[in-house]
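Protein chains in written order, with full-length UniProt numbering: chain A, 1 to 414; chain B, 1 to 414; chain C, 1 to 414; chain D, 1 to 414.
It cannot be assumed that every hint is accurate.
Intra- or inter-copy, both count: the list cannot distinguish identical chains.
Here are the computed lysine to aspartate or glutamate pairs in the EDC-like style, where the Cα-Cα straight-line distance is at most 16 Å [as the list claims (entries may be wrong)]:
{"no.": "1", "residue 1": "Lys158", "residue 2": "Asp380"}
{"no.": "2", "residue 1": "Lys198", "residue 2": "Glu372"}
{"no.": "3", "residue 1": "Lys62", "residue 2": "Asp177"}
{"no.": "4", "residue 1": "Lys387", "residue 2": "Asp154"}
{"no.": "5", "residue 1": "Lys352", "residue 2": "Glu227"}
{"no.": "6", "residue 1": "Lys26", "residue 2": "Glu165"}
{"no.": "7", "residue 1": "Lys10", "residue 2": "Glu35"}
Hint data in this document are derived by calculation from the structure and do not stem from the laboratory.
Protein chains: 4
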Amino acid sequence: MSLVTNPPKKVVLAYSGGLDTSIILKWLQTEFGCEVVTFTADLGQGEELGPARDKALQLGIKEENIFIDDLREDFVRDYVFPMFRANTVYEGVYLLGTSIARPLISKRQIEIAEMVGADAVCHGATGKGNDQVRFELGYYALNPDIRVIAPWRDWEFKSRTHLLEFAEKHGIPVPMDKRGEAPFSVDANMLHTSSEGKALEDPGEVAPEFVFQRTVSPEEAPDTPEEITVGFERGDAVSINGETLSPASLLTKLNELGRKHGIGRLDLLENRFVGMKSRGIYETPGGTILLAAHRGIEQITLDRGAAHLKDELMPRYAELIYNGFWWSPEREMLQAAIDASQGMVTGEVRLKLYKGHVHLLARTSPYSLYSEAHVTFEDDAGAYDQKDAEGFIKLNALRLRLLASRDKKAGRNL
Amino acid sequence: MSLVTNPPKKVVLAYSGGLDTSIILKWLQTEFGCEVVTFTADLGQGEELGPARDKALQLGIKEENIFIDDLREDFVRDYVFPMFRANTVYEGVYLLGTSIARPLISKRQIEIAEMVGADAVCHGATGKGNDQVRFELGYYALNPDIRVIAPWRDWEFKSRTHLLEFAEKHGIPVPMDKRGEAPFSVDANMLHTSSEGKALEDPGEVAPEFVFQRTVSPEEAPDTPEEITVGFERGDAVSINGETLSPASLLTKLNELGRKHGIGRLDLLENRFVGMKSRGIYETPGGTILLAAHRGIEQITLDRGAAHLKDELMPRYAELIYNGFWWSPEREMLQAAIDASQGMVTGEVRLKLYKGHVHLLARTSPYSLYSEAHVTFEDDAGAYDQKDAEGFIKLNALRLRLLASRDKKAGRNL
Amino acid sequence: MSLVTNPPKKVVLAYSGGLDTSIILKWLQTEFGCEVVTFTADLGQGEELGPARDKALQLGIKEENIFIDDLREDFVRDYVFPMFRANTVYEGVYLLGTSIARPLISKRQIEIAEMVGADAVCHGATGKGNDQVRFELGYYALNPDIRVIAPWRDWEFKSRTHLLEFAEKHGIPVPMDKRGEAPFSVDANMLHTSSEGKALEDPGEVAPEFVFQRTVSPEEAPDTPEEITVGFERGDAVSINGETLSPASLLTKLNELGRKHGIGRLDLLENRFVGMKSRGIYETPGGTILLAAHRGIEQITLDRGAAHLKDELMPRYAELIYNGFWWSPEREMLQAAIDASQGMVTGEVRLKLYKGHVHLLARTSPYSLYSEAHVTFEDDAGAYDQKDAEGFIKLNALRLRLLASRDKKAGRNL
Amino acid sequence: MSLVTNPPKKVVLAYSGGLDTSIILKWLQTEFGCEVVTFTADLGQGEELGPARDKALQLGIKEENIFIDDLREDFVRDYVFPMFRANTVYEGVYLLGTSIARPLISKRQIEIAEMVGADAVCHGATGKGNDQVRFELGYYALNPDIRVIAPWRDWEFKSRTHLLEFAEKHGIPVPMDKRGEAPFSVDANMLHTSSEGKALEDPGEVAPEFVFQRTVSPEEAPDTPEEITVGFERGDAVSINGETLSPASLLTKLNELGRKHGIGRLDLLENRFVGMKSRGIYETPGGTILLAAHRGIEQITLDRGAAHLKDELMPRYAELIYNGFWWSPEREMLQAAIDASQGMVTGEVRLKLYKGHVHLLARTSPYSLYSEAHVTFEDDAGAYDQKDAEGFIKLNALRLRLLASRDKKAGRNL
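The following block holds chain A by itself, in its conformation from the complex:
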């Protein structure tokens, strides 16, 4: 449907209160006569939400059309924690801080659309990135009939200058520091901060220190290591140094610890779902600690069969989240498998934080699968019969021996 000939009547806009989404807001109002509903979420990005409300009012949004939600606990409990149950990393290293926030925003936006009777939703992601995909797959999966507006793909503005002209014409305040171009683009939430673009576009150039916003540099981190204990119940972190914390409080605390010790910096040249490579600088201070801790508690509580299956499923699971398929049956199937493994993942992990690195030191669990009786170099009082190993090896070797005999007969060399 054409925006011009057949504009939506009421649009729920994912609204940050910043310049870009304010321009989108006005563009929807003035170009198409839409009634705009703003949705601003607190996902722990570290900004006050009051100003977003003020700005929306100032741009003519009705009080009842302004939705501002503190979703921090939902975010950590229902998205971050389930993802960490799988020890999820994309392309070997990336903790998916941006990707995992999108499904929650999509879901809430669709819920609001249904509440207010809106016929469209709108986001401010560009046409080159993954976020447009993640938002829109979420919208469509949760409401197949919703209409989606993606201004960066649709509008006619050719340059930043045009955008600023539009802003001024419609009385949108343009902060001084937005007049020039930002040296790079930033996204943040409680799990991470990502920086990309412009100054960072050459992956052969070292990223400048001023890019980093969530962590001190390892060199400036304390010279003394800090040891902490993270407690887990059924696969999720529940305490730090013995203090029970809600999901969001716990991640906040880990973020402080990670920031202080310079932990969680990552320079990645990654593969986007839309087909090109892009370079990102990621800071995931608390998440990096959490991953090390979760791996530690699984070491002592998870059976080998479960652990190895999880390792094999993880790359696919990470890819699904990265590509925006959180709300897909296959992600739900994988989640069911992963969650089915976490019932006994309970206990405590001891970690050392020091100048950019997390060192796993020790782990204990009331549900430990570790048996000193079996593994000991000392007398094991019959727990394990070494003679069993011979049969184990013999039958594991049988097919290889039959193969070697065949290959030898056939003249195949080593």
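Keeping the supplied structure of chain A fixed, place chains B, C and D upon it in accordance with the hints.
Frame of chain A, contents of chains B, C and D only:
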């Protein structure tokens, strides 16, 4: 076949020159009248091999029955490097330093057995560990008719005291420091040093600093970071800071760098193939740097499809190596797939080494797949049409929308 | 523990009432003085269980030590159906009729052992096959402290003659037809009949017709095809031709249909878990129809993402069942994933049965995901915008184009 | 680029000689003034290619711009056979007859474009199907700078009537039977014939018999079974009943056999890459026999590790081919793995063909891995020590026992 009633005539023993394999040597000679052939390999474990020769002679081994091979280049080129092409880690973190050495030892031992006409091979691994499996699967896969002797499973010695009595009775020198029990057990080669057992058996206790032998502690590492450049050709590292090096020389150099900066320490509670969990302290200084570097060069040279398939295959590949199936058709199949991806994995990676952590800083390649033209936030001169994203999203969403329509009709809630 | 010096006191024996398990029964009683508890299960193998009770009594088993259970509904509902939800085939073709019965027998045997206070369980599987593994992995997984007796691995009988002598000495009736050797060995339950060994041992020889017991030969099947409708609810078959049936009744009915039309014969040279290849002749009449029907109903109700993930997980799932790991965390994880996909797998499938083949003809569902509006060659009234395909292709192609540009520049040819 | 303002100069058109591609030909000439180069491939679709040449000439194509290639041997040798090495089926059952032809057509079209200096290629696939994706991914992967024209997505014709008007206006002969609408749409090559659309669009309706073109109905197939022997070398079929045949001749012969016996009919409701489900009727007579035969020869020559890895990789490999990613690095990686397993897949398979079904009867190989000595129920002369099974089971069970102990202690019930 019974060792007693039907002993082998000639046995190739994997011989370190240490107390344990010297006892095995004598046990084979005196209990079963075997002719013993010793095989001692230099895999970069950092010990002189001269003493092993002297000791073998002293224990009555004939000059022509002593084989001492410097296998360092073979080890790195044909085993370590192929494994690193897959970014291989076991259980998320372990670089498989012990596992990857066993196939080469097995292979050489079988070759010597065929050369000297031996009817059996013998190793000194215990009946509780993975190494017995790795050695023996290798033996059988390379010579299906070979006879395998595993003294730790077979002999009647009930305690260390009995072993020492046997040693003294047969004139095997027992060093003062071997009279008591070692506080833990060590295995080393050019890739890593592992420590396990005894003092380390409680995974809830922090490993004492004296366990670490290959790396300074991060706290004692230099206060100034060191930046290095690692060059790659077709998936394998070939140079450091512009200096071309042979595989073994390169890994030696990386080991020195890693040692100095406290890099590559790992405390792992892992799942053994024989069924129990065991705790290992691993130091893989050079390998840890190499893994970060290889990931970096793949970021810029590997297509997404290849990269993600590699990520999905890796856990299985790692498990095969850990479990001792290097010489299996399925490992060879996976290697063929992995190697088929490395033809363009050529270029340079810049890394920062600092107090226990490797930071990837930058990567360049003559075969770069990164296209600034496509990813740029600036005008891309038509390289990428943002309108394409709409169709891409729409068709990716189609099945999810059909699903959502169906589920809504069926009354399934969010 | 030695059977001789330290025999178990009370043993639960998986007892068929046949000659072999009767000999085992007596052997336990007479050689070790065990109190024997017999457990005989009706899994639809098509034999009366009354004689098993009589024989047990006759061999001196106390009334309260005889357990005879009709497990047919449990078998189909809790084992066969969950397995079919995954469209499970081993090595591309085998429906796992033997493997899937073992976990239930193990479970019931352990339950009885706990009920009667037995300290051991015993089965009659040989030392070369998979069944010993399946039984014993089940026992150990359900009771880690249970003692397992496997007479075929443990006893001293060297030949069939010795066994028959033992039988006669202890008053075990030996049927005339068991005096000679059976031409092959048979296992049966409601899902299938397997035949292997002896007359079938050469996989290059065509299996003789007399081997087949559960199906008429396709050549002798009716010349007129028969069409049937199978109804499904949430992934499980619930009706045939509109008649609702319990799980076991439904499979019985499908078996009759399959038998009549010569459906479900399989000649397979398979890979055993214990390392060698073995040839089996399998007849799975009802299961073969059920598999075709389940695939049919999934075609119309399952999303592509779910369907393809299931296809990828299936071979591993099949291997776990074949190898005896039903009672393992990784099988449970996979089951959780599979079951999570089946909520809407409801509807009807139309099949044609004819001379050995099942033809899928049609499928309908109240939860159909098929949209004629989208797929039609006719005017689709805007359901699908063909222009979207261009963007979809363009972005899917982007990485391949970047790759081709790079490769061309690097001189790599097609 | 706009077709109107910036039309290509010279276009290589995939030309069948039929009405639709003749209209495309004229449309390119008359609307955009393109020089058209026609490419017509013989992939064994069973039509004469002479008329395509005549028609092209008649429509004004210059002699030197007409390319007619017999690609039958290339097709079977380089595409069909490699795919069958993997026992490839999509969604459990489909032999990918259409998908596997597209990469070859794309490749040849790009080669011709380079030869004649064309700046664009053009195909006649619609905007709703998979074929547009397969063609275009191939084009772009082989020439990243090529321009692609997809008339069905681009032109303005709104109905069949408009198309026919255009044809008549430009002197394109319209056969009588094309004046009305075809009752369904057909694609054919040497591997299969597919029929879809219109009369077949309701997947709940049984497909009428007249749809089937490549096979007699099972009911009308001979009442006497036919036995054949297929010989393999290194994974590929090379002979039938002892007669060595070229790849295309062999598949032709298998097609005749399959046709006669009603083999290879499939009714599938499948998931298209573009997101909707679609129903296809497929006839793959020779391929169905070939798949059964290849599975048979692998049973006797392939090690378990290789066989099971192949089974796990296959669904992904099938999906890649179905989705059009033949020319992708990940397909090439999987092919490398698959091909690495086929070196000894040599021997003969005996099959029975009867009324729609292929029965595997027997298999032999000079490289057989089957060992009657190991599997026999008779005395095996020590080839296999049944005592080994105890250790094998014990160590496989160890982790399950530790788990059961833990779970019991934790109060988790069965």
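Results of checking the hints against the structure:
1. In this assembly of identical chains, Lys158 and Asp380 lie within 16 Å of each other by CA distance solely across copies; the values are 12 Å between and 76 Å within a copy.
2. In this homomeric assembly, Lys198 and Glu372 come within 16 Å of each other (Cα to Cα) only across copies, at 10 Å, whereas the closest approach inside a single copy is 55 Å.
3. Taking the shortest alpha-carbon separations for Lys62 and Asp177, neither the intra-copy value of 28 Å nor the inter-copy value of 64 Å comes in at or below 16 Å.
4. In this assembly of identical chains, Lys387 and Asp154 lie within 16 Å of each other by CA distance solely across copies; the values are 8 Å between and 72 Å within a copy.
5. With identical chains, the CA atoms of Lys352 and Glu227 are at most 16 Å apart within one copy only, with a shortest distance of 4 Å there and 24 Å across copies.
6. Proximity of Lys26 to Glu165 under the C-alpha cut-off of 16 Å is restricted to the intra-copy arrangement: shortest distance 12 Å within a copy versus 48 Å between copies.
7. In this homomeric assembly, Lys10 and Glu35 come within 16 Å of each other (Cα to Cα) only inside a single copy, at 5 Å, whereas the closest approach across copies is 50 Å.
Hint 3 alone, counting from the list given before, is not met by this structure.
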